[in-house]
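**Q** Starting from the given sequences, assemble the full structure and let the hints guide the process.
Quick note, the sequences are listed as chains G and R, same order.
So the first sequence is residues 339 to 418, counted in our numbering.
So the second sequence is residues 339 to 418, counted in our numbering.
Just so you know, these hints were derived from the structure itself, not from any lab.
Warning: the hint list may mix true and false statements.
Since the list can't tell identical chains apart, any single copy or any two copies may satisfy a pair.
[What the hints assert, rightly or not] SDA-like mimics (lysine to any residue), calculated; alpha carbons at most 20 Å apart, straight line:
(1) LYS378 x TYR412
(2) LYS393 x VAL417
(3) LYS378 x LEU403
(4) LYS340 x GLY350
(5) LYS393 x ASP369
(6) LYS340 x GLN398
(7) LYS348 x THR413
(8) LYS348 x HIS364
(9) LYS340 x ALA358
(10) LYS348 x ASP383
(11) LYS385 x ALA360
(12) LYS348 x ASP369
(13) LYS391 x ASN406
(14) LYS378 x ARG357
(15) LYS348 x TYR379
(16) LYS378 x ARG342
(17) LYS378 x ILE409
(18) LYS389 x ARG357
(19) LYS340 x ASP369
(20) LYS340 x THR413
(21) LYS402 x LEU366
(22) LYS402 x GLU386
(23) LYS391 x ASP373
(24) LYS402 x GLU381
(25) LYS402 x ASN361
(26) LYS378 x ALA360
(27) LYS393 x GLY367
(28) LYS389 x GLN355
Number of protein chains: 2
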Amino acid sequence: MKARIHITLKSGVLDPQGRAIANALHALGFDSVDDVRQGKYIEVDLKESDKAKAKAAVDQMCGKLLANTVIENYTIDLVD
Amino acid sequence: MKARIHITLKSGVLDPQGRAIANALHALGFDSVDDVRQGKYIEVDLKESDKAKAKAAVDQMCGKLLANTVIENYTIDLVD
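**A** See below:
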């Protein structure tokens with residue numbers, strides 16, 4: 339089973355990396371760009387085949403290691 | 339219109355960051371973890387309302403700035 343994890347900054351949190359990308363895109367002439375937010379995308383391959391157990395394990399991984407829940411949100415999608 | 343861009347390393351390319359995450363998860367006792375790959379996730383807000391034009395613009399952004407197409411793949415999802 340594979341877990342697809344998206345980690346994004348919470349909406350109030352300043353995103354300097356996203357700002358830098360937006361500025362670079364404007365400098366390249368992409369004037370239609372309004373705002374850019376950068377996040378992380380992590381794919382985890384799991385031996386676990388039980389969906390509920392896998393979800394619980396990945397949730398723990400995010401809380402303990404992958405995401406900083408003070409400033410970041412995360413979403414988990416499980417695929418077989 | 340919003341573009342969701344996933345940038346991932348091509349399958350043959352070594353991913354030391356993903357390896358480090360996998361090792362850290364094993365050290366924390368998550369033994370069900372097989373493999374981890376880390377990628378980037380970028381959300382771009384566009385003023386453009388025409389879907390085809392937006393897709394073409396984001397495709398150009400990825401090729402010129404966001405992704406290194408020698409070692410990375412990217413996928414684009416457009417949402418209204």
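**Q** Of the numbered hints stated previously, which ones are contradicted by the structure, given in increasing order?
**A** The structure breaks hints 8, 12, 13, 18 and 28; every other hint is satisfied.
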